[in-house]
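Visitor: Each chain, written out:
2 protein chains.
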Amino acid sequence: MAKQKKQPRPKAETPKGFRDYFGAEVTQRADMLRAIAGVYHRYGFDALESSAVETVEALGKFLPDVDRPNEGVFAWQEDEGDWLALRYDLTAPLARVYAQHRNDLPTPYRRYAMGPVWRNEKPGPGRFRQFYQCDADTVGSASMAADAEICAMLADTLEAVGIPRGDYIIRVNNRKVLNGVLHNVFGFKNESEDAQLDAVWETVHKREAVLRTIDKFDKVGREGVLELLTTGRKDASGAFIDGVGLSEDQAKPVLAFLTSKGATTAETIANLQAAIGESPVGEDGIAELRQIADLLAAQGYGPDRIVIDPSVVRGLGYYTGPVYEAELTFDILDDKGRKRQFGSVAGGGRYDDLVKRFTGQEVPATGISIGVDRLLAALREKGRMQAQATGPVVVTVMDRDRMADYQAMAAELRAVGIRAEVYLGNPKNFGNQLKYADKRNSPIAIIEGADEKAKGIVQVKDLILGAKIAESATLEEWKERPSQFEVPRADLVARIKELLDSQS
Amino acid sequence: MAKQKKQPRPKAETPKGFRDYFGAEVTQRADMLRAIAGVYHRYGFDALESSAVETVEALGKFLPDVDRPNEGVFAWQEDEGDWLALRYDLTAPLARVYAQHRNDLPTPYRRYAMGPVWRNEKPGPGRFRQFYQCDADTVGSASMAADAEICAMLADTLEAVGIPRGDYIIRVNNRKVLNGVLHNVFGFKNESEDAQLDAVWETVHKREAVLRTIDKFDKVGREGVLELLTTGRKDASGAFIDGVGLSEDQAKPVLAFLTSKGATTAETIANLQAAIGESPVGEDGIAELRQIADLLAAQGYGPDRIVIDPSVVRGLGYYTGPVYEAELTFDILDDKGRKRQFGSVAGGGRYDDLVKRFTGQEVPATGISIGVDRLLAALREKGRMQAQATGPVVVTVMDRDRMADYQAMAAELRAVGIRAEVYLGNPKNFGNQLKYADKRNSPIAIIEGADEKAKGIVQVKDLILGAKIAESATLEEWKERPSQFEVPRADLVARIKELLDSQS
Numbered sequence: 004m005a006k007q008k009k010q011p012r013p014k015a016e017t018p019k020g021f022r023d024y025f026g027a028e029v030t031q032r033a034d035m036l037r038a039i040a041g042v043y044h045r046y047g048f049d050a051l052e053s054s055a056v057e058t059v060e061a062l063g064k065f066l067p068d069v070d071r072p073n074e075g076v077f078a079w080q081e082d083e084g085d086w087l088a089l090r091y092d093l094t095a096p097l098a099r100v101y102a103q104h105r106n107d108l109p110t111p112y113r114r115y116a117m118g119p120v121w122r123n124e125k126p127g128p129g130r131f132r133q134f135y136q137c138d139a140d141t142v143g144s145a146s147m148a149a150d151a152e153i154c155a156m157l158a159d160t161l162e163a164v165g166i167p168r169g170d171y172i173i174r175v176n177n178r179k180v181l182n183g184v185l186h187n188v189f190g191f192k193n194e195s196e197d198a199q200l201d202a203v204w205e206t207v208h209k210r211e212a213v214l215r216t217i218d219k220f221d222k223v224g225r226e227g228v229l230e231l232l233t234t235g236r237k238d239a240s241g242a243f244i245d246g247v248g249l250s251e252d253q254a255k256p257v258l259a260f261l262t263s264k265g266a267t268t269a270e271t272i273a274n275l276q277a278a279i280g281e282s283p284v285g286e287d288g289i290a291e292l293r294q295i296a297d298l299l300a301a302q303g304y305g306p307d308r309i310v311i312d313p314s315v316v317r318g319l320g321y322y323t324g325p326v327y328e329a330e331l332t333f334d335i336l337d338d339k340g341r342k343r344q345f346g347s348v349a350g351g352g353r354y355d356d357l358v359k360r361f362t363g364q365e366v367p368a369t370g371i372s373i374g375v376d377r378l379l380a381a382l383r384e385k386g387r388m389q390a391q392a393t394g395p396v397v398v399t400v401m402d403r404d405r406m407a408d409y410q411a412m413a414a415e416l417r418a419v420g421i422r423a424e425v426y427l428g429n430p431k432n433f434g435n436q437l438k439y440a441d442k443r444n445s446p447i448a449i450i451e452g453a454d455e456k457a458k459g460i461v462q463v464k465d466l467i468l469g470a471k472i473a474e475s476a477t478l479e480e481w482k483e484r485p486s487q488f489e490v491p492r493a494d495l496v497a498r499i500k501e502l503l504d505s506q507s
Numbered sequence: 004m005a006k007q008k009k010q011p012r013p014k015a016e017t018p019k020g021f022r023d024y025f026g027a028e029v030t031q032r033a034d035m036l037r038a039i040a041g042v043y044h045r046y047g048f049d050a051l052e053s054s055a056v057e058t059v060e061a062l063g064k065f066l067p068d069v070d071r072p073n074e075g076v077f078a079w080q081e082d083e084g085d086w087l088a089l090r091y092d093l094t095a096p097l098a099r100v101y102a103q104h105r106n107d108l109p110t111p112y113r114r115y116a117m118g119p120v121w122r123n124e125k126p127g128p129g130r131f132r133q134f135y136q137c138d139a140d141t142v143g144s145a146s147m148a149a150d151a152e153i154c155a156m157l158a159d160t161l162e163a164v165g166i167p168r169g170d171y172i173i174r175v176n177n178r179k180v181l182n183g184v185l186h187n188v189f190g191f192k193n194e195s196e197d198a199q200l201d202a203v204w205e206t207v208h209k210r211e212a213v214l215r216t217i218d219k220f221d222k223v224g225r226e227g228v229l230e231l232l233t234t235g236r237k238d239a240s241g242a243f244i245d246g247v248g249l250s251e252d253q254a255k256p257v258l259a260f261l262t263s264k265g266a267t268t269a270e271t272i273a274n275l276q277a278a279i280g281e282s283p284v285g286e287d288g289i290a291e292l293r294q295i296a297d298l299l300a301a302q303g304y305g306p307d308r309i310v311i312d313p314s315v316v317r318g319l320g321y322y323t324g325p326v327y328e329a330e331l332t333f334d335i336l337d338d339k340g341r342k343r344q345f346g347s348v349a350g351g352g353r354y355d356d357l358v359k360r361f362t363g364q365e366v367p368a369t370g371i372s373i374g375v376d377r378l379l380a381a382l383r384e385k386g387r388m389q390a391q392a393t394g395p396v397v398v399t400v401m402d403r404d405r406m407a408d409y410q411a412m413a414a415e416l417r418a419v420g421i422r423a424e425v426y427l428g429n430p431k432n433f434g435n436q437l438k439y440a441d442k443r444n445s446p447i448a449i450i451e452g453a454d455e456k457a458k459g460i461v462q463v464k465d466l467i468l469g470a471k472i473a474e475s476a477t478l479e480e481w482k483e484r485p486s487q488f489e490v491p492r493a494d495l496v497a498r499i500k501e502l503l504d505s506q507s
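Chains as they are written, first to last, in the numbering used here: chain A, 4 to 507; chain B, 4 to 507.
None of these hints come from the bench; they were simulated from the model. Check each hint, because a few of them may be wrong.
Any copy will do: because identical chains look the same in the list, a pair fits if it lies in one copy or spans two.
[Stated by the list, open to error] Okay, derived cross-link-like pairs now, BS3-like style, lysine-lysine, Cα gap no bigger than 27 Å in a straight line:
1) Lys14 x Lys125
2) Lys359 x Lys464
3) Lys456 x Lys125
4) Lys359 x Lys442
5) Lys471 x Lys342
6) Lys456 x Lys222
7) Lys264 x Lys19
8) Lys339 x Lys385
9) Lys431 x Lys464
10) Lys359 x Lys19
11) Lys339 x Lys264
12) Lys438 x Lys359
13) Lys125 x Lys438
14) Lys219 x Lys456
15) Lys255 x Lys500
16) Lys255 x Lys222
17) Lys500 x Lys385
18) Lys359 x Lys431
19) Lys442 x Lys464
20) Lys14 x Lys359
Predicted, not measured: the structure shown is a model, and the values here were computed from it.
Extracted from the complex, chain A is given alone in its bound form (with noise of 0.2 Å):
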């Protein structure tokens, strides 16, 4: 054995862009994913989990002309010589597998998936590199009735998980009409980008600019809008943002389109019918809404819970049918202090090339991906989730020798279900083991001396009361109910229960 060389000590640190998740973080987050899932299996959706790591050329992200395929993904190179990555969502891999197992399942295939997918992107304060996504999707269904029930259980979902109704609107809208508006705008003859690519390429250059100004209503609004679209903008810094350069005349459908939202369903459909003029493919997107508008009307999820609103831009371009986004709509602080909402939570849509890439074959599909961690970080927000989980029953250590009767202590307190532990540091200081049960934030602390022992007794320190007394009681309230009290051994589980009912 050659001698090892001395190496400095290793940074103690995650790598940038990722963080630890300490218990309430980490069990509320399983609590939820669990409540999820029981509305997807409810509805029939079975669960999936594929491999974290796929094939780089499985995912798509393999560019034959870059050395490394580091394009938002994590990836390695085997020894053997394929390329690995880590997911960067739930859909590619589903895409996988649904083109190697499509023999063996059912179709349609309704699986829902939820784990964590990572971003090889730069971190920012709150944006990490690993996060959780919790999916379903409906694949080999080109039914809206399968895009309406996406939508509903969504909207369960969320109530599922302490979103009450009005407090979330689920927006529904449609690339199709936007094609339709695009193609009377463009004067396209018919709608497949991939037969007139190279003869209009300057149209879907344009096109393109025109899905992201329309990105950028809700920052600029409809003047905002119409300016970029044509000739350009001041923005707030005195800075000239370019035009897209339509004429007025193309601008106006596609403000039109965006801001079709009407009072009613009927109205909305009415302005959209409107602004896609004569076109085959928007008026097909209109009647996709409209079938699904129907379908959840009636079911009763009414425009208060599932709203078709075309000013829903994002996931536009990349989605081929209806698009869903859902936003929680109360307000919250920033940072700043300002009221803001919190916004978005969900979205998903139609999306019929998934298996194509694999098979050839074009298969049609549907779903939706939840951002766990976003809607958690609202729950908390609200106000709607503990920040801190209730500590263990901390039986104290009087008496190294007597380890086993404190255990038993501890015992029987889990026996009927009470969280409860011995505390097992060094017990010489008993300010320390204090201390610990208020690091843990622990309801109650039990201490039993020889004093006690003696007697048959032990001591229950209320720490919830002693806190409280602590901060702001008077004498009087202490008098009333000591935080430290004596009670029979032999009736140590029941006065506990008790005494936890009571503080909770």
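Let chain A serve as the given structure and place chain B on it in line with the hints.
Guide: Below, chain B alone, put in the same frame as chain A:
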């Protein structure tokens, strides 16, 4: 935009050594993790979820003379230069987390963690490169009460996930006792390896050979180990395996250690006492075993559940004090139909230099890791877990214009907690709808065509009974309980509930 080059279709395959998990495989694992977390939590352990990605430096796998750190881990280099890797267990991240957050964490820090880990190893049959672990560790306690508690908790956990008492045994051994034995054998003055490493290189080499050899005790038995420790041994194929080169006098205490399990704990301890001779570290080890045994006995964990067993060798090289291993003792049939014991499903022990790598300070720690996938496999092989989960009630589509009606049925069923869905594939071929229900393992299909609608009834098809009839039933049984019958539409939910109850 340049013309995109046509690329060959990607292969729809998981990377070598990875797999997908479907339906019940996923939910049963989630249920098991939840049950385990429940026990850990009740024992006072707090959840921790560290990031799946660590710096290679923090994992301790960076080999300075190798270009790429791929010793068993999946690793890649960041653009800025840091090597990152997927965690290969949950202990190394715990060390990093504890070192990073030690000022904010309670002492002792008791945490549980669960999740996938990744091993860059050659995959084999049933051996995957991603699998689940479920750990609990107490960091910062030198007390044997921490070790005893881990063993008790492990017993409780195994019972909580469905392994009845008697079907498992937790064996406890102690590295210090073996150190004491080797001390005698090699005549070390003390047991600090570091201090004597250079001087007694030859002896240490032998010591490792001894550890490797006694690890074969299960396979080659007492005589085999004796031969391997001394002059060597012919294996089954006739090949000669060199011996470690101990004298018979040196080998005997090692064998005595290995075979010192007696009928009672007292007897085992007496045997160990004889095996260590006069070694202080050996005495320490025996005292530790005795403390653990006493604490467990006081809490009612007898040797039918947790037993001092010096034949447990796995982990003796790695851990520094007590070592635990949980084995399932029931027989299963292997691939060739031969009975064998299922074997180990969890292991752990005390490791006191966990955090030292980062901080220079020695922090005592002890913990357990449960191999969740193995435990699931055991329950499945024993038939204690359904291989396939029950599918949803399927509402078939007879009239595609009445999707809203069918969705309403599914919604009514879901509202009372029944898993249900409307068939969302192309409804033209009714046979396909029933095939779908079959593939989903659905218990019931619901049929409502125009006739039924007019009469205010629906047809209910008992698919489980139907399958039984198709398989074996006589005509009489069929008559007695038809597998398809009519129910009034208004009674649908109540009747389906009844039928599901009768099926289970």
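Visitor: Does each hint hold? Answer for all of them.
Guide: Hint check results:
1. Lys14 x Lys125: Within one copy only: 21 Å inside, 30 Å across.
2. Lys359 x Lys464: Classified as neither; 66 Å inside a copy, 36 Å across copies.
3. Lys456 x Lys125: For lysine 456 and lysine 125, the Cα distance exceeds 27 Å both inside one copy (60 Å) and across copies (58 Å).
4. Lys359 x Lys442: between (55 Å within a copy, 24 Å between copies)
5. Lys471 x Lys342: Neither: 32 Å inside a chain and 62 Å across chains, both beyond 27 Å.
6. Lys456 x Lys222: Intra 70 Å, inter 51 Å, cutoff 27 Å: neither.
7. Lys264 x Lys19: neither (43 Å within a copy, 50 Å between copies)
8. Lys339 x Lys385: within (16 Å within a copy, 59 Å between copies)
9. Lys431 x Lys464: Cα proximity of lysine 431 and lysine 464: one copy only (19 Å, versus 70 Å across).
10. Lys359 x Lys19: Classified as between: cross-chain Cα gap 23 Å, same-chain 36 Å, threshold 27 Å.
11. Lys339 x Lys264: The answer is neither: 32 Å in one copy and 67 Å across copies each exceed 27 Å.
12. Lys438 x Lys359: between (61 Å within a copy, 25 Å between copies)
13. Lys125 x Lys438: Neither: 40 Å inside a copy, 48 Å across copies.
14. Lys219 x Lys456: Answer is neither: 72 Å inside a copy and 49 Å across each miss the 27 Å cutoff.
15. Lys255 x Lys500: neither (68 Å within a copy, 55 Å between copies)
16. Lys255 x Lys222: within (19 Å within a copy, 82 Å between copies)
17. Lys500 x Lys385: Neither, since 30 Å and 38 Å both go past 27 Å.
18. Lys359 x Lys431: between (68 Å within a copy, 24 Å between copies)
19. Lys442 x Lys464: within (15 Å within a copy, 58 Å between copies)
20. Lys14 x Lys359: between (46 Å within a copy, 12 Å between copies)
Checked against the numbered hints given earlier, the structure breaks hints 2, 3, 5, 6, 7, 11, 13, 14, 15, 17 and satisfies all the rest.
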